[in-house]
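Once you've looked at the hints, dock chain B against the given chain A.
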Amino acid sequence: MAPVPEPTLTEIAVSTLPPPTATDTAVPSSSTATSSTATPDLAEAAPTEAIASEPTALPTDTPTLEPTATPTPEPDWLNNAGRTAENLMYLGNPNASVTLVDFSDFM
Amino acid sequence: MLGAEHSIKETYVKNGQLLLIFAPVLNHGDRSLQTHQASECAADQGRFWEFHNILFENQDSFWFGDIQAMMKQLAADAGFDTVEFNACMNEQRHLDLVQEQDQFRVKAGIRGQPVFNINGDILIGAQPFEVFQGVIDPKLAAE
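Line by line, the protein sequences are chains A and B. Counting in numbering that gives the first Met the number 0, the first sequence runs from 0 upward without gaps. Counting in numbering that gives the first Met the number 0, the second sequence runs from 0 upward without gaps.
Extracted from the complex, chain B is given alone in its bound form:
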C-alpha cells in the first residue's frame, strides 16, 4: 500500500486516530516467503516499518534474480546489522512466523491483494488516499 500509506500515516496514525496493521499475503511462492521473512529479520532489529517501505519502493525488481541476495543488499544499503540480518535470512528464521501470519488472511477469507479492512469495511485494490479518507473520516466522526 505504498501509494496512500504516507498520507494515511501523517493524517491518522501520527495523531493516534488510526492503528495500522500489516498482514502478509503469500501469493507468489518463494519470493513472497523471502520478502516477508526479510521484513521480519528487519523487525528483529526494530526496523520493520522502515524495511516494509523499502520493500514496497523496490518491489518491481523482485521478479527476477536471487531474491535472498536482493534482500541482503537492501538491508546493507539501509545500514542494518548485516551479519545478523544475513544469518536470519540464511537460517530462514521466520519461515514459520510468516506462514502463520498468512493463515490470518486465509481465515479472513482474503484471496487477492492488496485488500484493506477498515473497521470491517473492505477496500479492494490499490486506492488513492481520498478513497481511504472517504471510509475513515465518517468512522472518526461517529465517535
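Next up, chain A with everything else stripped away, as it sits in the complex:
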C-alpha cells in the first residue's frame, strides 16, 4: 500500500474549521454582551437566526472574540524638537544614548 502523505499544518487547520456560512461575519447581539470587559464566550457568541436577521447591528460594547494587542506607535523623533537647559535647540530623543552637538554658523 502506498504511504499516505502527512497533512501539512495548513491542511489540518482548514479541515478543522467549520464551513463558512452567511452568518459567520455577524456580530453577536447586545444581549450577549454584558459588558466590554466580559470574557468572550465562543458558545454565547455563536451566530443565531436572530442575529442573522440583523447583520448590520453593531453594538458598541461587543466583546472581541480574538483580542489583539494595540500596537504602541513609534515616537516620531524627527518631529520632536525642544530646548536644552542652555537654551539650545535639540531634535530627537532626549534620552538617547548618544548626543551630537553641532557647533556651526549659518554663514
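Among these hints, one or two may not hold up.
What the hints assert, rightly or not - Which stretches of chain A does chain B cover? Using the computed rule of at least three CB atoms under 8 angstroms from a CB of chain B, they are:
1. 79-92
2. 95-104
Said to hold, decoys possible - Computed list of chain B residues with no C-beta within reach of chain A, every gap over 10 angstroms:
3. Q72
4. T81
5. V82
6. N85
7. N89
8. P127
9. E129
Read the hints as simulated data drawn from the structure, not as lab findings. Each residue gets a CB set at the ideal place from its N, CA and C atoms; glycine is no exception.
Using the frame of chain A, we list chain B on its own:
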C-alpha cells in the same frame, strides 16, 4: 552640517538613538547674528529645524547684500507668518538669546566651525556621513 545631517537624522535620530543639538557659532559679525536670530524667529513658529535646513541650503548667498531682507524673503518663500517673522527680525527680538547661546560654545572652548561633539569625542570640519558613523556606531554598540 548640511551634508551628513540628512543621513544622521534618518539613521540615528529617527529611531531615537541620537539626540541632535544645534549650538550657534557667531563667527561672522552681524551676518551671523541676523541668520541665527532668523532661526529663532522661525522657532517662534515651531519651525526651527526646517529653517535651519533652509539657511544651510542658501548659506552661499549670505555674504553680500541686505541680510535681513534675505532672511525675510526666505521665510516668506517657505510660507511663514511673515508679519510675525518680520516683526521678530525688525525688533531683533532674539539678539540676547543667540549671544547667550554663543557663550555656550565659548565656554566649551570651540573656536572654529563646524565642530561636532559626540559624547565627548570631537570632530572638526565638515565630514562625510561615514566618519560620523565611525564615531557613533561604537558608542551605540557599547550600550
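### Task
May I ask which of the numbered hints given earlier this structure violates, with the numbers listed in increasing order?
none
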